[in-house]
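Number of protein chains: 2
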Amino acid sequence: MVQQMQVRDINSEKEETMESVIELESRIEELKKQQLSLDLTRGKPGPEQLDLAANMFTCVDAGNYSAGSVDTRNYGGLDGIAEAKTLFAAYLGVNEDEVIIGGNSSLALMYDTVSQLMTHGTAGGGEPWFGKKTKFVCPVPGYDRHFTVCEHFGIEMVTVPMNEDGPDIDAIAQLVENDDEFRGMWCVPRFSNPTGYTCSPEVIQKLAEMKTAYSDFVILWDDAYAVHHHGAGPDSLESLLEACKKAGNPERVILFGSTSKISLAGAGLAVTGGSRNTCDWMRKRLFAQTIGYDKINMLRHVRFFKDLDGIMAHMDRHAAIVGPKFAAVEEVLSNELENGGIASWTKPRGGYFISLDTEKGMAGKIVKLAGELGVKLTPAGSTFPYKNDPDDRNLRIAPTFPGLEDVRKAAEVLAVCIKYVYVKENTGGI
Amino acid sequence: MVQQMQVRDINSEKEETMESVIELESRIEELKKQQLSLDLTRGKPGPEQLDLAANMFTCVDAGNYSAGSVDTRNYGGLDGIAEAKTLFAAYLGVNEDEVIIGGNSSLALMYDTVSQLMTHGTAGGGEPWFGKKTKFVCPVPGYDRHFTVCEHFGIEMVTVPMNEDGPDIDAIAQLVENDDEFRGMWCVPRFSNPTGYTCSPEVIQKLAEMKTAYSDFVILWDDAYAVHHHGAGPDSLESLLEACKKAGNPERVILFGSTSKISLAGAGLAVTGGSRNTCDWMRKRLFAQTIGYDKINMLRHVRFFKDLDGIMAHMDRHAAIVGPKFAAVEEVLSNELENGGIASWTKPRGGYFISLDTEKGMAGKIVKLAGELGVKLTPAGSTFPYKNDPDDRNLRIAPTFPGLEDVRKAAEVLAVCIKYVYVKENTGGI
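Same order as they appear, the protein sequences are chains A and B. Just so you know, the working numbering puts 256 at position 256 of the first sequence, and the rest follows in order with no gaps. Just so you know, the working numbering puts 492 at position 62 of the second sequence, and the rest follows in order with no gaps.
Any given hint might turn out to be false.
Claimed, not checked - What the simulated footprint calls covered on chain B by chain A, stretch by stretch (three residues with Cβ under 8 Å from a Cβ of chain A suffice, anywhere in the stretch; the number is not a length):
#1 465-475
#2 640-651
#3 668-681
#4 720-729
To be verified - Examples of chain A residues lying across from chain B (beta carbon under 7 Å, computed):
#5 Leu52
#6 Phe57
#7 Ala62
#8 Gly121
#9 Gly125
#10 Gly126
#11 Phe130
#12 Lys133
#13 Thr134
#14 Val149
#15 Asn426
Unchecked claim - Listed next, the stretches of chain B that the computed footprint assigns to chain A, with coverage defined by at least 3 CB atoms under 8 Å from CB atoms of chain A:
#16 480-486
#17 578-584
#18 622-631
#19 818-828
Keep in mind the hints are simulated off the structure, nothing from the lab. For each residue, glycine too, the CB sits at the ideal point set by N, CA and C.
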C-alpha cells in the first residue's frame, strides 16, 4: 500500500523541531542568489527518457512500410492496423475486437468521446446529453485536463475523494444511485494522477455493479500509467470491462491508454476500447471524422516494441531514470519536513506525480514563493475542478522532466517554502 | 476553362455511329475473359506517388529532432511548430497568425469544426447549432465525406449545381438571403471534387459579399487540391479570406488544406485557417481537445519541403505521374464515346477525379455492369447528399491509384458499359 504521512495537529512540539523564521529567511536568501530556473509543473518525460525511443525514428522507412498487405503510407484503416490492435489489446487487457487505435493524443479520444455523448448519445442508445443537465463524478485530486473537457461541455463536476484504494466508492454510489443527472465519471485507475493510487479489486467490482439512476452511466477509465512504474513493476489492476460485462453493464466503461509516456510524448499512440458495441458506437463517429489515423506511426510502435514484453522491458528502462527522481524528492521532503508534521505527501510506486497536502490555505502562497525562488510549480487548485481547491492545500509535484540534481534542488526549495509559509502563517501571517 | 462535352439529344444519327448490341456484347464477353480486378473508386495516390516522399521517413531522426528550441519529441505546442506555420501560411495564402497545424486528417479538422459549431456556436459569438434546424448548401456533384459530416450531425443538405466557375452563386444567394436556417456551406474551391472546376474571382467576391439571413453563415472552404495540377500548374484562386475581410465578414470563411495527396496519404499534415478571431475560437476547442498534434511529423514536412517552392517542385513530380493517367482516360473516353453523344465528362487540369454524366437513370446500371467486368466504380449517387443522385446520372472516376495501363483498361470497360447500357435502355431496357 502507498504510505502517506498524516498531517499532525499544530502544536508547539513541531515548531521546536523546525528552523526559525530567521534561519528560513537566510536559506531563502541563499536560494535566491542561486538564480534557479526549474520547472516541476507538467508531467513530461525528460530528454533521456525520450532518447530510449531513438530507434522509433528509423524502424519504418521507405523500404519497409508495409503492415502485412497494407501500405501504411496510403489512406484507409479506420480503427487501426491489425498488428497495432493485437499489441494494444494485450496492453489494455481486452480482446482484439475491443480496441481502437487513435492518433497521438488519448486526451483527444476522451474529448471526442464526450463530444459524441453530447451530440449523439450513448453506446447503449441513450439520448444526446446536449441541453440536459449533466453531472460527472470527479475524484480529487485529479487530472486537470479531464476537468477541462467537462468544463468545455458545461458538465457540472462533483468531487469525491481519491483514496489509496481508488475513488471513494461509497460516496460515488451515494451520488449516482439517487440522481440521474450523474451521467458519468472520470478515473485514472492506476498510479493515478496526481496521487499515484491504484484501484483495488473491491472498488472495481463495486464500480461495475453499482446501481445508477441514469441507466447509461459511463466511466471514462483513463489507464494513463498502466505500465509506468518506478522500479518495482506495474501495479496489477482488475479488468473493469470484464467486471462490467459480468455485472450486465458492458457499455458502462470506456477504456483509454496512451504511449505518450512510453515512446515519444508528442508522437505516441492513443488507444481506446470497450465492449464490441461500444467500439461499434465509436466507429460510427470515426467514419464521419476521419479516413484513418497515422498508420505509419502505428507500425513504428509495433516494430519498436514487438509485443507487451517489449513494452514492459522498455518501461524498466524508464523506471531506471524516473525512479531516482521520485526517490530524490522523497528523500529531501522527508529530511526537511518529516519532523515538522506540517505536510503530507504520497509515495507513489508509479506514475508521474507526487501529491502533497499542506495545511489549509497555504498552497497558493507556497506556489507563489517558490516561483520567486525560480521553481515553477503547478498553480494551486489545478488538481481540482474549476481550479478550485476548496482547502487551498494540494500541490502537484512533477519530478520527471528536470535532471536528477535539479529535481533535488527544486524539492529543497519546495520544502523551504512550505516551512516558511507555515511558520509565517502561524506567527501572524506572511 | 475546363471544357465539357455536352449531352446531345437522342437521335438516330448517333446510334449509327456506335457499335451494335451484338458488337458490344462480344466486347463484354472478351472483357469478362480477362478477369480484370481494377479499382477506380477512391482518390488515392498511387504507390509511385508515395515513393516521391521516401525521404520523409528519414529527414527527422534521433539526432535532429529540434525545431528551433522545441524538442518535437515532447509534449506541447497546441497549434503547431512555428516553422510549419510559416510554411502552411504561405500554402494557404494567409498570415502566420491565421493558420493552425493539425494532425494527419483535414476531414477531422472539418468534422471537429462542425462539431464545435454544434455544441459551442460560432466564432462570431452565435449560439450553438445543436437542436436548431440547420441547413447547409452543398454544391453537387461534391465530396461524399463532406455530406457524411452533415448527415452525422443532422444538418439538412440542399444542393446547388457546381458550375465551371464555382458553385452556382445565384442559386446560393437565393437560398441564404431569405432563410436563416441556412447556416453554412461546403466548397472545394479549386480542382473541385469530382468536377475539377475552380472558383472564379467573381464567384469568390460574391460569396464574401452576399447577404445572409443567418448572420454567422460559415463557408467551409476545403482547398484540398490547391497545388494538385496535372502538368500545367495550379489554377490561381483569389483569397476568400481577404475578400471576406474586405466585405466586413471576416469570420465567414474557415480554410482547410492537407498534404495527404502531397506527402503521404495516411501521414500527411492537415491545416486550417481563418481570421485571427476564428483561429482563437478554434484554439479554445483545441485546448480542451489535445496537448498538441504530432510535431515530429510537422518537422518532417518542413525539412522535406523547405518552402512553398519545394512543395511546387514536388507537385510537378506528382503531375508527371498523374497527368498521363488522366490523359489516358480522356483519350479512351473520347475515342469510345465522343461520336455517340451519350455522355459528358469533365477534362480537369488538376485534382483527383473526372466527373462523368450519363443520361438519366443509367449510372447505377453502369456501375453494376462494370463491377461484373471486374472494374470497381464509386457507387452511383455517392457524389450527392444522402447518396441520392436524383437523376442517377453522375459517375466519379478516380484514375490515380491504378497503374497507367490498368487505368486505360478500366476506362475502356467503363466506356463499353456506358454504351451497352445506353443502347439497351434505348432498345427496350437492359
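Tested hints:
1. Remark: the stretch 465-475 of chain B is confirmed as covered by chain A, as 3 of its residues place a Cβ nearer than 8 Å to a Cβ of that chain, reaching the required three.
2. Counting residues of the stretch 640-651 of chain B whose C-beta sits closer than 8 Å to any C-beta of chain A gives 0, which falls short of three, so the coverage hint is violated.
3. Check result for the stretch 668-681 of chain B against chain A: violated, 0 residues qualifying (beta carbon to beta carbon below 8 Å, three or more required).
4. With a threshold of 8 Å between beta carbons, the proposed coverage of the stretch 720-729 of chain B by chain A holds, since 8 of its residues qualify and at least three are required.
5. About 10 Å separates the beta-carbon of Leu52/A from the nearest beta-carbon of chain B, more than 7 Å, and the hint is not met.
6. With its C-beta approaching chain B no nearer than about 4 Å, Phe57/A sits inside the 7 Å limit, and its interface hint holds.
7. Because the smallest distance between the Cβ of Ala62/A and any Cβ of chain B comes to about 3 Å, under 7 Å, the interface hint for this residue holds.
8. Of the supplied interface hints, the one on Gly121/A is violated, with its beta-carbon coming no nearer than about 12 Å to a beta-carbon of chain B, more than 7 Å.
9. For the restraint placing Gly125/A at the interface with chain B, the shortest Cβ-Cβ distance is roughly 16 Å, beyond the 7 Å limit, so the hint is violated.
10. A least Cβ separation of about 16 Å between Gly126/A and chain B goes past the 7 Å threshold, and the interface hint is therefore violated.
11. Look at Phe130/A: its Cβ gets to within about 5 Å of chain B, closer than 7 Å, so that hint holds up.
12. Because the beta carbon of Lys133/A sits about 15 Å from the nearest beta carbon in chain B, more than 7 Å, this interface hint is broken.
13. Annotation: interface hint on Thr134/A violated; nearest CB of chain B at approximately 12 Å, more than 7 Å.
14. A hinted interface residue such as Val149/A counts as satisfied when its beta carbon comes closer than 7 Å to some beta carbon of chain B; here the least separation is about 6 Å, so the hint holds.
15. Annotation: Asn426/A was flagged as interfacial toward chain B, and the flag is violated, the nearest CB pair being 39 Å apart, outside 7 Å.
16. Remark: the stretch 480-486 of chain B is confirmed as covered by chain A, as 5 of its residues place a Cβ nearer than 8 Å to a Cβ of that chain, reaching the required three.
17. Counting residues of the stretch 578-584 of chain B whose C-beta sits closer than 8 Å to any C-beta of chain A gives 5, which meets the bar of three, so the coverage hint holds.
18. Coverage of a stretch by a chain is defined here by at least three residues with a beta carbon nearer than 8 Å to that chain's beta carbons; for the stretch 622-631 of chain B and chain A the count is 0, and the condition is violated.
19. By the rule of at least three residues with a Cβ nearer than 8 Å to a Cβ of chain A, the coverage given for the stretch 818-828 of chain B is violated, with 0 such residues.
Violated hints, in rising order: 2, 3, 5, 8, 9, 10, 12, 13, 15, 18, 19; the structure is consistent with all others.
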